[in-house]
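Keeping their order, the protein sequence lines are chains F and X. With our numbering applied, the first sequence corresponds to residues 1 to 117, in that order. With our numbering applied, the second sequence corresponds to residues 1001 to 1424, in that order.
Since the hints were derived computationally from the structure, they do not count as laboratory data. Note that CB positions come from ideal geometry on N, CA and C, so glycine has one too. Wrong hints could be hidden among the right ones.
A few chain F residues facing chain X, derived, Cβ under 8 Å [what the hints assert, rightly or not]: (1) Val11; (2) Gln13; (3) Glu15; (4) Ala33; (5) Lys37; (6) Gln38; (7) Leu41; (8) Val45; (9) Ala55; (10) Leu57; (11) Arg65.
Per label pair, the in silico range of CB-to-CB distance [said to hold, decoys possible]: (12) X:Ile1017 <-> F:Gly18: 43 to 51 Å; (13) F:Gly62 <-> X:Glu1005: 24 to 32 Å; (14) X:Leu1048 <-> F:Gln58: 28 to 36 Å; (15) X:Val1333 <-> F:Glu15: 57 to 65 Å; (16) F:Ala117 <-> X:Ala1359: 55 to 63 Å; (17) X:Leu1004 <-> F:Ala55: 35 to 43 Å; (18) X:Glu1315 <-> F:Ala55: 55 to 63 Å; (19) X:Ser1372 <-> F:Ala55: 28 to 36 Å; (20) X:Arg1016 <-> F:Ala117: 54 to 62 Å; (21) X:Leu1270 <-> F:Thr88: 28 to 36 Å.
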Amino acid sequence: MAYMLMLVEPVGQREERGVEAGKLVYDRMLGFAEALKQRGLLRGVESLAGLEKGARLQVRDGTARVLDGPFAEAKEMVGGFFLLDVATLDEALALAAECPAAEWCTVEVRQVGPCWA
Amino acid sequence: MATLEATHRAIDAVWRIEAAKVIAGVARMVRDVGLAEELAQDALVAALEHWPKDGVPDNPGAWLMRTAKNRALDRLRQESLHAKKHEELGADLEALQAHVEPDFVDALVEASADDIGDDLLRLVFTACHPLLATEARVALTLRLLGGLATDEIARAFLVPEATVAQRIVRAKRTLAAAKVPFEVPDASERAPRLASVLEVVYLIFNEGYSATAGDDWMRPALCDEALRLGRVLAGLVPGESEVHGLVALMELQASRAHARLDAEGHPVLLLEQDRSRWDPLLIRRGFVALERCRSLGGSRGPYALQAALAACHAEAREAAATDWPRIAALYAVLAEVTPSPVVELNRAVAVGMAEGPQAGLAIVDALRDEPSLARYHLLPTVRGDLLARLGRAGEARAEFERAAALTRNQAERRLLLERAGGTA
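Whenever a hint applies, use it, and build me the whole structure from the sequences.
Below, the structure is given as structure tokens:
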């Protein structure tokens, strides 16, 4: 069964942390991903660039509106994700607890499944 | 629209085959693999612009090569390097000083067609340069020689795309900063440099081989990529026995790919695999490569020995027909050539089959204080197996439980706990 760990971080945290500390954080996360891979639990992993490099889009009444980042009202953003292969929510939570990012942001644990269930 | 799609697919296919040659050919001109890759990418962009309108050329590789080399000449002129480089470039000198005529460049391309093998070889050795960290060599090799995109490499190795991009950028910078020459190492350096290349290729193969059923398809595709690189290498340096040894090993291991996983996607041990699912074509290719290796006098090379071991299994119609004495003898030679506790452990398994579990246990027991095996789950696994066959069930169960605690891999832990449970 697939679960996703989504890293939810406060907007502005990366800037406050700075590049050098950020690189150390990134390396710790890479180590975590590698360990998951060795255990045969990892299906995918990506780090996500900042909001200013992204955009939001809505189609309403047939018209597409694009809003460029950063988004003034956003307090939180998704910083990255791990796609895992574990049997239960408890196992996913156990891995979330091992994730270094749990120390400085929130790890949201979601089961993979259809949106209509 | 259908034509556009078909053209794009054709371009993708051509790129996979030709990318390495184009990069290699340009690298010889500009002496920098990073720049060479950029210029090759420019040629690809040009192909994406022109081929949908003009059609795919009859010789797409030559078109790409010509376009990339044109850009290279432009760049060299712009950067005023030609003054320094004209001696190195030899025949290209006139092209630099004259206005470049398409026919002239065509002639250049044709004249150097025979050299492409040398250029590819230079590219291989450069990408696997010992200055670079192993992950960097792997990423650069897949990029420059495999023609894989950054995201494909990332998915194949289950690392973020940003990490792969970083590794490649840093690798190119390291090579440029150290002014690593674009050349095939000379005889005195050849052996260790070739060993580094073979190590990279086998690393790529093993990464693909360790992929499981639910993984992204890029992962098992790495085996094909490694095999392709190995075969190309065998064609470029046909006189090197260990290259054929590695190719033989990969062909034989790959032959078992369809028998390795059961219906649920769990790994099946070699001795329990359905041998009718082993690929006879790959087995035959493996034997041919092994024979080439032996005819070059390379039977004692590490890859050759591992290939010979794989061949022993491939030859047996069923597990019961395995020539264990021969396997034990091969491990004895491997233990002389590349001694290590792991090799000794494997020898213990073979001896346990050839001469009985007591003989195997004697070898394993001698390894129990080996520090490098202290956290290696296969040591208690093997010991448990031998003890079980000697009827020492209680001790066997303890070993399987110890092994289960040591392995970080879920599927293996499950298997080991099952074995522990089954040992009354």
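Each hint, compared with the structure:
| no. | hint | result |
| --- | --- | --- |
| 1 | Val11 | 20 Å, violated |
| 2 | Gln13 | 18 Å, violated |
| 3 | Glu15 | 18 Å, violated |
| 4 | Ala33 | 7 Å, holds |
| 5 | Lys37 | 5 Å, holds |
| 6 | Gln38 | 5 Å, holds |
| 7 | Leu41 | 7 Å, holds |
| 8 | Val45 | 6 Å, holds |
| 9 | Ala55 | 19 Å, violated |
| 10 | Leu57 | 22 Å, violated |
| 11 | Arg65 | 28 Å, violated |
| 12 | X:Ile1017 <-> F:Gly18: 43 to 51 Å | 45 Å, holds |
| 13 | F:Gly62 <-> X:Glu1005: 24 to 32 Å | 27 Å, holds |
| 14 | X:Leu1048 <-> F:Gln58: 28 to 36 Å | 32 Å, holds |
| 15 | X:Val1333 <-> F:Glu15: 57 to 65 Å | 60 Å, holds |
| 16 | F:Ala117 <-> X:Ala1359: 55 to 63 Å | 58 Å, holds |
| 17 | X:Leu1004 <-> F:Ala55: 35 to 43 Å | 27 Å, violated |
| 18 | X:Glu1315 <-> F:Ala55: 55 to 63 Å | 60 Å, holds |
| 19 | X:Ser1372 <-> F:Ala55: 28 to 36 Å | 52 Å, violated |
| 20 | X:Arg1016 <-> F:Ala117: 54 to 62 Å | 40 Å, violated |
| 21 | X:Leu1270 <-> F:Thr88: 28 to 36 Å | 32 Å, holds |
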